[in-house]
Every structure is written in C-alpha cells, then in structure tokens.
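A.B. asks: Here is what each chain is made of, one letter per residue.
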Amino acid sequence: MTQQGLTQRGTAQKSVQQEDMTKEGITGEALRSAPLRQRRTAGALLPWVTTPALVLVLVLAWHAYVERSGISAFILPPPAAVWDAWTGLIIATQTWRHTAATVYETLAGFFWASLIGVGLGVMIGRIRWLERVINPFVIATQVVPKVALVPLLIVWFGFGMPSKIVIAAIFAFFPILTNTVLGVKSLDPGHRDVMISLNASRLWVFRRLELPSAMPYILSGMEVGIVLGLIGAVVGEYLGGNTGLGYLLVARMNAYETDMLFAVIVHMTMVGFVFYFGIGAVRQLLIPWHESVASDHKTRS
Amino acid sequence: MPLVVDQSPSAATGIRLSAVEKWYGSAQQPVHALSATDLDIAAGELVVLLGPSGCGKTTLLRMLGGLIRPTHGDIAIGSRTLWSADQRDGTSMAELGLVFQEPNLFPWLTVAQNIALPLELRGVPAAERIRRAAELAALVGIQGFEQRWPRELSGGMRQRAAIARSLAHDPRILLMDEPFGALDAMTRDAMNLELQRIWMATGKTIVLVTHSITEAVFLADRIVLLSPRPGRIDWICPVEFARPRAIELQSEGAFQALASALRKRLQAMA
Ligand SMILES: Nc1ncnc2c1ncn2[C@@H]1O[C@H](COP(=O)(O)OP(=O)(O)O)[C@@H](O)[C@H]1O
Ligand SMILES: [Mg+2]
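Quick mapping for you: the protein sequence lines, in order, are chains L and C.
Heads up, the first sequence is in the numbering used here, so the first residue is 352 and it goes up one at a time.
Heads up, the second sequence is in the numbering used here, so the first residue is 35 and it goes up one at a time.
Do not take every clue at face value.
[Said to hold, decoys possible] Under 8 Å between C-beta atoms, here's a sample of chain C residues computed to sit facing chain L: (1) Trp117; (2) Gly124; (3) Glu136; (4) Pro141.
[Stated by the list, open to error] Derived Cβ-Cβ restraints for the label pairs, each shown as a range: (5) L:Ile478 - C:Trp269: 53 to 59 Å; (6) C:Ala161 - L:Thr444: 36 to 42 Å; (7) C:Pro159 - L:Tyr589: 54 to 60 Å; (8) L:Gly511 - C:Glu162: 25 to 31 Å; (9) C:Ala53 - L:Pro540: 42 to 48 Å; (10) L:Leu466 - C:Glu162: 34 to 40 Å; (11) C:Ile164 - L:Pro487: 32 to 38 Å; (12) C:Pro159 - L:Lys536: 32 to 38 Å; (13) C:Pro64 - L:Val484: 41 to 47 Å; (14) C:Ala61 - L:Ala499: 49 to 55 Å; (15) C:Glu162 - L:Pro513: 23 to 29 Å; (16) C:Ile164 - L:Pro540: 28 to 34 Å; (17) L:Phe462 - C:Met220: 50 to 56 Å.
Hints in this document: simulated from the structure, not taken from any laboratory.
A virtual CB, placed ideally from N, CA and C, is assigned to each residue, including glycine.
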C-alpha cells in the first residue's frame, strides 16, 4: 500500500463517507457529546460539595441535640468531644499498631479468599458437574451465620492473627466466588463464535476472551469481599486477642469511654474507605474499558 | 474504483456444497433445519442467501463458517474439505472471514486491537498489526477511531469495525449473516455501497445472508432463494446489473421487476 494509494482512496471515498457520517449521526454525536460531557463533569463534582455540606448539617444537628436534651456524655458525647478523642487517637502510635494489625489480617484474608474464590469459581463456572456437586456446600457456607463460626475458629486457630485471617477470608470468600462463577458463565456466545472462527488456541481464548470478560465480575466480588473481610477481621478481634481495631473498640467500651468508641468507629470507617477506593483504583487499572470505569458513557445505538 | 488491498481477484476461492444437510435437536424431537443442498459458489462471486426467517440461512452460513458441523454432506473450500469427522480443517478456516449480525467486538480491546485480533492470534508483530489496523480502518471508513473503545462507536461504525476485523487476516472468503440487519434503512444503504466498494476493491468471494429483498437485488451476482420447513433452495436467480451499482438503481424498472418477482415467490412460501 503506497502513500499515494492511500490519499487517492481517501479522496475517492470522501463523498460516500460524508454522506453516511451524517446519516449515522457521527457528526451528530460529536456535537452532542460536548454539553453532555460538561453535564457529566458537573455531576461528578456534585458530591464534593454535597458530602461535606451534609456531614456538616449532621454534625450540627447532633451538637444541637446534645445541647438541648442534656443527654449523658456516656450515651451520646457531643461532636467536639468525639473530635478531641479522634485527634488524640490518630496521633497515638498504639492506634497505628492496631490499625496495621487489622489491615494486615484483612489483606491476608482477602488474598486467600481471592485465590481460592477465583480459582474455584473458574472451575465451577466451566465444569457443569462440578457445579452440581459443590453447589450445596457453597450455599451452606453462605447460609450458616458466619459470625457463629468465629468462636470455633478462635478455638482452632488461637487468639493471634491466624484466626483473624481465616475469619476475614471466610467473610470475603463468598462474594468473590459467586461473582467469579457468574463472570465465567456470562461469556457472550457471539464472542465465542469469533474465537472459533479465528481458530484461536485455548490459551488465546483464555487471555483475550475468558479472562477479560470475567474481570468486571471478579472485581465487583472483590469490592464487596474486601469490606466483608474487614468486618470479619474486626469481629474476630472482638472475641479474642489484644490487638487490632476490634480489640480497641471493645476495650473503649469496657472503659465506658464513649467518645473514644465513636472515634474508633470513625477511624475504622476511614480504613474501610481506603480499601474500597483501593479496589476502585485496581478497577481503573485493569478494566479501563468497562462502563463502570468510564467517565463518558455513551448509549448503545 | 481504487484498489486498496494488494491482492488480485484471482486470489479468491470458491465454495462447493455437496448434499449438505442439517438436523438439530434430539433423536426424539429432531428439527430438520436444512435438507440436502448442493451449491457451487465461484471464486470472487457475491452470492446472497435470501429467505424468510427460519428457513435455515444462519444454519447454512454457520456450517460454511465452520461453527457447526453438517449432519450429512461435504463442504469444500477451494480444494479442501472443511469438516472431516468432527475436526475443522485449519487451512480452510484461515480462508474464511466471518461477520455476524452483531458486531461482536470485544469491549476490552480498542477498535484497532479488535481489528487486528486475527493477526495477533497469528503472531504478527505489533508494529505490523498497527499498520494493518490503520489500513483496514481506512478501508471501511472509520479512520481516526482506532484508539476508541467499541462502546464509543455508533452501531454502523461498530459493524464497519467488525468487517475490518473479518478482513484482517486477508481471507479469500467473506461470510456475512445479516450484517446490516440491525441498522436503520439509511445507514444500511450506505453500508451496502461500502460493501460493494470493498468487494470490488478486494475481489473476495462473499456469501451474504439477508431477508431484505432490496439488499439482495442490490448486492448480488446471484441470489439463492431459500424456502422453509425444511430449508431448501427454491430458486437461484442471477442479477446482472452493471457495477458499481448506485442507490438510484433501486428505483429503476428492471430492479423493481426483479424485486417483485422475488417478493411473489417469498409470499408463495408463507
Ligand atoms: N441450535 C438450534 N437448535 C435447534 N433448532 C435450531 C437451532 N438453530 C436453529 N434452529 C432451527 O432451525 C431452523 C432454521 O434456523 P436458522 O438457520 O436460524 O434460520 P434463519 O437464519 O433463516 O432465520 C429454524 O426452524 C430454527 O428454529
Ligand atoms: Mg438467521
């Protein structure tokens, strides 16, 4: 293909193309997308204004209620006291030792849950008989109240970190597994036909079709899983051991330091947010093509 | 008509169907989708399969494309047999480019990566793939959109990208199953013109399925009319309008006469 050939063909084609560009609304789309994008950016900025505003309103209402009702600080401390407790909390090195323990347990549990959940999920999603065999057990693990297992796991794995890691893993496991199965199963038959017609090897089918197609589902499972894993780790810490944010929380409760209790809850919420946004960042990295990541959605015509 | 791909029309390949038959379903409830069918398609010919829905057009095309196996009979691509036992012949498969009713682009690949997918699977180096994807994008009229995600394209543009992908590995035969069926009438006319241009530029053998009489008469060298229950060839009708055909041809008397003759036969089937 010579450069000249390209130019020549380009001009010859122009009339046809211009004609059907308008027909297809390509130009229309370009015109439309400018204000649409502005509206989207405005929409994206909105929470940055409303969230602090709503939090402020909530805190003011809380403050007013405590002032007016004269409620005991043991039941509901005023926001200022919680603020003081929280600033005290985050400058204490102890807090960060506990935070590190909880974060470590959550991440380790999440890691194992992901490894086993994705691995098993891929197998279950592909092998029909395996799904039939394993499904009752999968449902059983979902139906059993997982907190009921916590004391047992502490008996088995001790008061240290291993029991918390196992608990976090069990909590995080289920959404990762079910979403992986769903992802593997929801392969588009049309996409499969494309790969068959191209005589693609199994490895290519996996790399270019099965894996990317399941990825959004897996990441959704992980998003839920990591937050549940954090809950699992904290619940484990309630019941055994002397480290972690869960332990910190129970210790403050036993000391009747309600303002500190609030401060720990706020701190834990922050940790939860960090995890959640961490997965969001991974999502952006791994599936930039997906609607859930896109900054500019376009409707399918 | 400028030539776009370095390839002479003699590089095309013919197709021969010998007593090709297809049954679906179980032994208890068999569905006879296509009764024994013989058909010769010449190298470089543009054949349109026309018929009401359920007459086995998709079945026939999917068998030609190696996606499903005929219950009986043989399909030859050039001099090679497509199916032996339940094995597809890889060499024959490489001669085929498929375009489906849906664009079936992979949403996780950019338009260029989608177009170049057949090349990637064949181990073509990245630089060459980029060059070829740009060339093909230009051929189907979506230059400038190579780095977009498929979801950013309109329906017509996505189908253009799908056509570009089917051409990427330079197959000698293009099989298209109602490729423009989901598009509005105006876009469809434009796509028919584009397809004619691409076909004239590349000299490929094209088998196109449609249920639009106008599309069939406009594009075909030969129309193969299929009738349903079970699917079989009802009529083979040569179309001899000069090329390149313009959209205005559709309002000419001879065009409309042929279209109405086809419509009569189709109505007789119902
Ligand atoms: N996978 C399948 N299983 C059972 N029956 C099928 C299957 N695919 C198609 N059929 C039947 O075969 C006949 C032909 O279908 P198809 O080839 O899709 O027709 P067309 O594309 O002309 O509309 C129809 O009666 C349809 O119901
Ligand atoms: Mg069909």
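A.B. asks: Indicate, hint by hint, whether the structure satisfies it.
C.D. replies: Evaluated hints:
no.: 1; hint: Trp117; result: violated, 13 Å
no.: 2; hint: Gly124; result: holds, 6 Å
no.: 3; hint: Glu136; result: holds, 5 Å
no.: 4; hint: Pro141; result: holds, 5 Å
no.: 5; hint: L:Ile478 - C:Trp269: 53 to 59 Å; result: violated, 48 Å
no.: 6; hint: C:Ala161 - L:Thr444: 36 to 42 Å; result: violated, 55 Å
no.: 7; hint: C:Pro159 - L:Tyr589: 54 to 60 Å; result: holds, 58 Å
no.: 8; hint: L:Gly511 - C:Glu162: 25 to 31 Å; result: violated, 57 Å
no.: 9; hint: C:Ala53 - L:Pro540: 42 to 48 Å; result: violated, 28 Å
no.: 10; hint: L:Leu466 - C:Glu162: 34 to 40 Å; result: holds, 38 Å
no.: 11; hint: C:Ile164 - L:Pro487: 32 to 38 Å; result: violated, 51 Å
no.: 12; hint: C:Pro159 - L:Lys536: 32 to 38 Å; result: holds, 35 Å
no.: 13; hint: C:Pro64 - L:Val484: 41 to 47 Å; result: violated, 32 Å
no.: 14; hint: C:Ala61 - L:Ala499: 49 to 55 Å; result: holds, 51 Å
no.: 15; hint: C:Glu162 - L:Pro513: 23 to 29 Å; result: violated, 53 Å
no.: 16; hint: C:Ile164 - L:Pro540: 28 to 34 Å; result: holds, 30 Å
no.: 17; hint: L:Phe462 - C:Met220: 50 to 56 Å; result: holds, 54 Å
The structure shown violates the earlier hints numbered 1, 5, 6, 8, 9, 11, 13 and 15.
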